[in-house]
Structures are given as C-alpha cells and as structure tokens.
Amino acid sequence: MTKPANNTHHNESSQVKFSGVPTDSGEMVNVQCAVQPPMPCMTIVIHGVNDNGLAYRNIDNGICKGLNTRLGRTDLTPHQWGVEASDTDDKINLAAESCAIQSPGRSPIIPFYWGYRPVDYDKYHADQVEYKQALHEKGDQADLPYDAYVRPDAANQPDKSIGERDNYDNPLKKSKIKGGGPFPNATNNIPDMYGPGSKSLGNWVGMMQTQFGDDYSSFIHENPHRIYYVHAAQRLADLILQIRRHDLYKDDTINIIAHSQGTIITMLAQFMVAEQGKKPADCIILNNSPYGVEDTFVERLQRERGWGSVQGIQSKQGREQTLINFVQLMEEEKGRVYSEQELIEKGVLVLKEGKSPWQSYSYPQDNFGHVYNYFCPYDNVVSLSNVQGFGWQGIDDTLLGRLGDNFFQRVFSKDYVAGDEPKSFDLKSDITIRNTNTISPTGFSVPPSMGHTASIPIVNVNFGHRVRTVNAPKVPEPVRFELEDLIPMGKEGERMSIQEYMKNGPYVQGLYPCPPTLINASNLSRNLTPDELQQLSAQHPEVEFASARYLIDMYSGRKTVLALRYNTEAEARAALDTKPKNKQQEYLTESKQHSAIMNNPQVPEKIMAYDLAVGMCACFADKDFWHKLLYRADWKNRQSENLDAVNYYQTGFLPELIKPAMNKPYKFMPKGVVNDYLAVVYQPGYHSQYTTKNQGLQWPMPDPDLSKPKV
Numbered sequence: 090m091t092k093p094a095n096n097t098h099h100n101e102s103s104q105v106k107f108s109g110v111p112t113d114s115g116e117m118v119n120v121q122c123a124v125q126p127p128m129p130c131m132t133i134v135i136h137g138v139n140d141n142g143l144a145y146r147n148i149d150n151g152i153c154k155g156l157n158t159r160l161g162r163t164d165l166t167p168h169q170w171g172v173e174a175s176d177t178d179d180k181i182n183l184a185a186e187s188c189a190i191q192s193p194g195r196s197p198i199i200p201f202y203w204g205y206r207p208v209d210y211d212k213y214h215a216d217q218v219e220y221k222q223a224l225h226e227k228g229d230q231a232d233l234p235y236d237a238y239v240r241p242d243a244a245n246q247p248d249k250s251i252g253e254r255d256n257y258d259n260p261l262k263k264s265k266i267k268g269g270g271p272f273p274n275a276t277n278n279i280p281d282m283y284g285p286g287s288k289s290l291g292n293w294v295g296m297m298q299t300q301f302g303d304d305y306s307s308f309i310h311e312n313p314h315r316i317y318y319v320h321a322a323q324r325l326a327d328l329i330l331q332i333r334r335h336d337l338y339k340d341d342t343i344n345i346i347a348h349s350q351g352t353i354i355t356m357l358a359q360f361m362v363a364e365q366g367k368k369p370a371d372c373i374i375l376n377n378s379p380y381g382v383e384d385t386f387v388e389r390l391q392r393e394r395g396w397g398s399v400q401g402i403q404s405k406q407g408r409e410q411t412l413i414n415f416v417q418l419m420e421e422e423k424g425r426v427y428s429e430q431e432l433i434e435k436g437v438l439v440l441k442e443g444k445s446p447w448q449s450y451s452y453p454q455d456n457f458g459h460v461y462n463y464f465c466p467y468d469n470v471v472s473l474s475n476v477q478g479f480g481w482q483g484i485d486d487t488l489l490g491r492l493g494d495n496f497f498q499r500v501f502s503k504d505y506v507a508g509d510e511p512k513s514f515d516l517k518s519d520i521t522i523r524n525t526n527t528i529s530p531t532g533f534s535v536p537p538s539m540g541h542t543a544s545i546p547i548v549n550v551n552f553g554h555r556v557r558t559v560n561a562p563k564v565p566e567p568v569r570f571e572l573e574d575l576i577p578m579g580k581e582g583e584r585m586s587i588q589e590y591m592k593n594g595p596y597v598q599g600l601y602p603c604p605p606t607l608i609n610a611s612n613l614s615r616n617l618t619p620d621e622l623q624q625l626s627a628q629h630p631e632v633e634f635a636s637a638r639y640l641i642d643m644y645s646g647r648k649t650v651l652a653l654r655y656n657t658e659a660e661a662r663a664a665l666d667t668k669p670k671n672k673q674q675e676y677l678t679e680s681k682q683h684s685a686i687m688n689n690p691q692v693p694e695k696i697m698a699y700d701l702a703v704g705m706c707a708c709f710a711d712k713d714f715w716h717k718l719l720y721r722a723d724w725k726n727r728q729s730e731n732l733d734a735v736n737y738y739q740t741g742f743l744p745e746l747i748k749p750a751m752n753k754p755y756k757f758m759p760k761g762v763v764n765d766y767l768a769v770v771y772q773p774g775y776h777s778q779y780t781t782k783n784q785g786l787q788w789p790m791p792d793p794d795l796s797k798p799k800v
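For the sequence shown, the working numbering begins at 90 and goes up steadily by one.
It should be emphasised that the hints constitute simulated quantities derived from the structure, not laboratory data. Some clues are possibly wrong.
Claimed, not checked - Calculated cross-link-like contacts (lysine to any residue; reagent style SDA-like; alpha-carbon spacing at most 25 Å):
{"id": "1", "residue 1": "Lys797", "residue 2": "Gly761"}
{"id": "2", "residue 1": "Lys227", "residue 2": "Ala215"}
{"id": "3", "residue 1": "Lys503", "residue 2": "Asn147"}
{"id": "4", "residue 1": "Lys339", "residue 2": "Ala215"}
{"id": "5", "residue 1": "Lys748", "residue 2": "Tyr720"}
{"id": "6", "residue 1": "Lys712", "residue 2": "Pro193"}
{"id": "7", "residue 1": "Lys227", "residue 2": "Tyr755"}
As the list claims (entries may be wrong) - Pairwise CB distance ranges (calculated):
{"id": "8", "residue 1": "Thr166", "residue 2": "Pro446", "range": "16 to 24 Å"}
{"id": "9", "residue 1": "Thr166", "residue 2": "Gln588", "range": "20 to 28 Å"}
{"id": "10", "residue 1": "Asn736", "residue 2": "Phe757", "range": "16 to 24 Å"}
{"id": "11", "residue 1": "His716", "residue 2": "Leu440", "range": "27 to 35 Å"}
{"id": "12", "residue 1": "Asp336", "residue 2": "Glu730", "range": "15 to 23 Å"}
{"id": "13", "residue 1": "Asn736", "residue 2": "Pro446", "range": "44 to 52 Å"}
{"id": "14", "residue 1": "Pro446", "residue 2": "Val556", "range": "33 to 41 Å"}
{"id": "15", "residue 1": "Gln365", "residue 2": "Gln430", "range": "31 to 39 Å"}
{"id": "16", "residue 1": "Leu330", "residue 2": "Lys441", "range": "36 to 44 Å"}
{"id": "17", "residue 1": "Ala663", "residue 2": "Leu440", "range": "22 to 30 Å"}
{"id": "18", "residue 1": "Ser449", "residue 2": "Gln739", "range": "49 to 57 Å"}
We put the beta carbon where it would ideally sit given N, CA and C, even for glycine.
Construct the complete structure from the given sequences, taking the supplied hints into account.
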C-alpha cells in the first residue's frame, strides 16, 4: 500500500490510518485502512553464566509496557513464553528454569541464548592424538585440542539425579549442554575469554563462598577452555551484521540489554562488528557486569610478591583502555538520530490530544551511542576479590571522566530511588559494624563487608570510601528499588520440602583438617578421590559430603581440605524459613542480588525503556526476516540459518574460525581490545615437558591427554 502525501492521522488507539486513494474521491471510493505503527527499535537481551535466560520474560513485559508509555502507544505486546521442550526431561524447576518464546508477540525483544557444549569422548580423543603430533611438528604454534568431553558413563551412574556431566564434573542437561557455561569459569576481561578455563588457586578460591544458581558442585574443580565465550560473541556479532549488511534494514535501531558475563560478550561482539566495517549496536545497557577495572588481589600478589599461577593476569591498565576504546567506538560509530517530528511523522511517536507525550517530561530522548552501567552494591558475585566488576561498585570519577559523555551510570540498591536526579555520593561500608547495614549521609544503603563470614578472608572486597557519580538523567517515574526475595523453590515452582532441600539445596562450603593418612599425598592440587572422601566422612559423621579438594596455604604451606557438603536437617529448616532470624541471615539474603536488577518488574518498564534508543525497526514488518533473527539468536534452534551454531549445540564442534583462536588472543582478537598481561611466573610442579622452553607464552601449552575416559 502506498502512502499518499499529507494524509497521515494519529489517534489514541496507537494506530496510523493511511488513505488508499485521494481523500477527495468521495465516500464511496475512499476506504480507510488501519495499520500498526512501526516498531521503534529492536532490543537484544543476552544472559550470563549458568543461565538460560530466566529474566527474559520480565524484561519483555517491562520493555513493552515502558515503550508504550514513552511513545504514547498501546500496540506493543510481549511474547508468549514457556519452557523449552528440551528442558522437560531434566530435573529442573519447570516454572522458571528456562524461558523460550512459544508465540512471538508485537515486541522488540530478541532473546539471545548461548552456552557450553563439550564434545563426545571419541572426538576428544582423536583431537588429542592429532594435537600430540602437531606439538612435535609445530611446537607452540600448534592449535589447541578440545579439552572437554561428555563423560560416557555419567548418565548410567546409580544416582540418576546426577544426569550428564563433563570430564570436569560440571552438570549438563540431557542435551549435553550448559546454558551460559559453568559459573566459576567467568572472566572479568575480554582476552581471558580466549584462554584456558578456571584452574588456578587464585580463580577458584575467590568463588568458593558464593552460591549461584544450581551449579554449586563446580566451585572447587577445574573447568574447560573459555573459547565458547568467543563463539557466543561471534554469534552476537553475526546477528547484528545480518541487519547492518541488509540494504533495507542497515539503519534499523539496535539496543542490547546484557547481564553478567553477557556484558563482556557484548563488548567483544561490538569490536567484531566494527572490524567488519559496520556500525555496532546503537545503545547498550550493562547489568551487573563482572568487567573489572580495579587492581585485584591476585594481580597484586603476582606483581608485588612474585607469586604466579599457570595463567597470565590482565593488567588494570589494559582492562581500562579496552573499556575506553569500547565506549569511544559506540560514540564514533553511532547511528542516525531521529528528531521528535520525524518519529511523529513515521508513526513511532503517537500524538494524544494533539500533543506529543514527550512534552509532558524533560527526559532526553537521544540515546544513540550511549552505554549504561547498572550496578548493584549488594551483588556479592561480581564483588569477589578476583573480579571486582563495575556492576558491583560502579566506576570512579577519574575513569568516568576518561570514558566520555556517552557513558552513564545508575545504581540499584536497597531502598534507593533509582532513576532520580544525577548525583555524586560516597560509596561506603562501615567495616567496624558487623551484621548490620549502614546508611551513608546521602541515603545510599550498602551491605557490610563479607570478611567476617568468609572461611578465607580474601573472598569479597570492602567498598571503603569511594566517590561514585550517578550521571544518568532522571526518568519520568523513578523507582524505589527493592532487593530480590530469594525463596528456595523446588519442582513445578513449589516451595522445597525439608528433605528436598537437604538433597537439592545449595551446598555448604567449609574448611576441614586434612586426614592424617593423606597429609603426605604426592599430589595435593586435585579433588579427593571417592576413597579419600570416605576417609574425610569417617572423621565427620555428622555431615554428608558431596565433593572436596585439597587446599594448600600459599604462605604457610598448611594443608587443609575445602569441601562441599549437603545441608543438615536443622540448616534446611532455617533456610526454608523466609523470615530471617537475625541480622546475619538477613545480610546473607540481601547479598545474593546478582539478578535483582533484571528480575525487578519496575526496572525495565520505568527505567530501561527510557534508556533505550528509539528510531525505526523496519525489519520487524518483514516477518520472514524477523523470525530468522529470532531463530538465529538461539543456538539451540534447529531452524537457525547459522549452521555453525546449530552444529556446536548438537556436537560441541566449534566453527573453523573459532577453534584456532584458543590461547591466541594476540592473533585473533579484533582491533580495540588491549591484551596487556603480567609476566607469568611458573611455580615448581607446574612445568610441562611441552612448555619449559616456551615461558614467553601468555598461557602454557597443555599436555596431550591420551588417557581413558573419566569414570
């Protein structure tokens, strides 16, 4: 249908009516046809580690409501969501474990899914054999092999509840995947996503006090290579390029709402898009980002004391410069900005009683090229000493000034009014007061230090006295933020029973004396064997252990055991009592807020929707193209035209352009990512016959593994 000039009408029903023939042709031949207003943008949502997109439904509902209000419309409606069919065979919470679109709505949301899939053992073994030969022929220039496989025996264990597992004992779905990958394998920078998995003491010690999702068992063992993060970033870049390379849709407005590790994947993807000569996304909102710009504990140890691990540590300066480059890229390559009048003429912004809804408030409408940091001081996941992400404590004024005028921050904390006037305040934590929350003079509530609750006192970091500026503009309706109410849930979304919680609730971590018979064991950098675990259990019959790992104090040499055990009946009763009995329990609940922003129903509606860039999304009207985008964004969808992604989901085989990048960020990372790592100091006992002559490598070459599959 062709639109005649000057015959556009706007009404309060959010429909734009175009005349099919000249309006002076007479009533008998003049037919009015109602069409929907154009989609104002597309918004890609990407989850983090150990996640299947649990917050997507909430984000979708809120964004549709918020954009309707912001644009004076009523036509935007969320998708219909449900549980993926592939999930129903797993022992999961069917009411919440996975969100998948059952029927697309009139929504700008494109849910992006990613994860980890190890290969089967036969492929693993064949690759290791080839790698051994390549090492002799090419030395440290050999491409790395797959280092993870699906245990062929896992599904046949007596305990059927275990299900599939990889050779690192990470639990997998029946489809042999892990949405978002194992939690302890997360990073706080981009180059490490090209490197080996979490193996060093500095990595896993920082994780052990955290309880996150259903992945408690993987806190104290090694993890697979992180290359699947790069694969996720490449897929996200590919999705954006599908639009930017299209003759008709290349200028469509693209937003990204990212959470946790998804924020760093998003950053890498924008550099990848730019390297192809195309514009990145128009606006990005980073939630609870683990991206680190602080001097970490492990970094200081390596620099000041000469202590090292088998992995190089990215420097503070390198991480900062990469972030600066990312924000500058967003500003320099931002897309076209639509004026208010243009949006009215195109039907994106709908007049009410002859007035634009934008006239009722002064919120700035140009968000093109903007990057938003949503941070939560109660997030004890990204506050870990080896992470210290800016999604926990924000960014200080010094670095904020270097980032430029297109970087904005919002804070989401207990009883704090988010989205209010920009302000500066001191981010404080009174570490002399235990088991209580402190309120700063500005009314900004922060939790106390976790130091008094940690078995090892280096886990979480205190705020100290640090100035943070919340510089994002005020939204029309600020929100008094409430922390997430964490109630243990069982199958079908029902509250767990005591017995169910004892078996399926979060493990309890603790340090135990090393059994006398094992004190002189030759190899103490490993998990306890089943027989050794039985010896530990004999010393502590009052509890039931799930797994354990030897731990050696890096200074004193004292040998202990770090163990995960099941809850006792008393602990299960206390956990299922939703009313905290004391300040300590209240704090432990308040500090587990890694998803509080994404799960809050008011945040996407009243804040995120106003931070998005709005313009045109012409490709939404092309249903075939739009549905292809939805398919392409899901690595599990067999209708996706990204055959590499489908193949990875089914087999674990990485694309030809991704697998060779393992341990080679210097060769494969896009321009703009700074790879500045501290020199590696090898410790006695860590040398390999393949790496002793190649200590200049960022990470050592692994030894080939020709052993039999793990049982």
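Structure-based check of each hint:
1. Only pairs whose Cα atoms come within 25 Å are accepted, and Lys797 paired with Gly761 is rejected, the gap being roughly 42 Å.
2. For a cut-off of 25 Å, the pair hint linking Lys227 to Ala215 stands: about 18 Å separates their Cα positions.
3. Restraint check for Lys503 and Asn147: the C-alpha separation of about 20 Å stays at or below 25 Å, so the hint holds.
4. In summary, the hint linking Lys339 to Ala215 is not supported, as the alpha carbons are separated by about 43 Å, beyond the 25 Å threshold.
5. As the CA atoms of Lys748 and Tyr720 are separated by approximately 23 Å, the hinted pair is consistent with the 25 Å bound.
6. The straight-line distance between the Cα atoms of Lys712 and Pro193 is roughly 10 Å, inside the 25 Å bound, and the hint therefore holds.
7. Only pairs whose Cα atoms come within 25 Å are accepted, and Lys227 paired with Tyr755 is accepted, the gap being roughly 18 Å.
8. A hinted range of 16 to 24 Å holds for the C-beta pair Thr166 and Pro446, which are about 19 Å apart.
9. The hinted window of 20 to 28 Å between Thr166 and Gln588 is violated, with their beta carbons roughly 42 Å apart.
10. Taking the beta carbon of each, Asn736 and Phe757 are about 20 Å apart, inside 16 to 24 Å as hinted.
11. Separated by about 32 Å at the C-beta atoms, His716 and Leu440 satisfy the suggested range of 27 to 35 Å.
12. For the hinted restraint 15 to 23 Å between Asp336 and Glu730, the CB-CB distance of approximately 18 Å keeps it satisfied.
13. Distance hint check for Asn736 and Pro446: the Cβ-Cβ separation is about 47 Å, which falls inside the suggested range of 44 to 52 Å.
14. In this structure the supplied range 33 to 41 Å holds for Pro446 paired with Val556, their Cβ-Cβ distance being about 36 Å.
15. For Gln365 and Gln430, the hinted distance range of 31 to 39 Å is satisfied, since their beta carbons lie about 33 Å from each other.
16. At roughly 38 Å, the beta carbons of Leu330 and Lys441 sit within the given window of 36 to 44 Å.
17. Distance hint check for Ala663 and Leu440: the Cβ-Cβ separation is about 57 Å, which falls outside the suggested range of 22 to 30 Å.
18. Range check, Ser449 to Gln739: Cβ separation about 52 Å, and the 49 to 57 Å hint holds.
Of the numbered hints stated above, those contradicted by the structure are hints 1, 4, 9 and 17, listed in ascending order.
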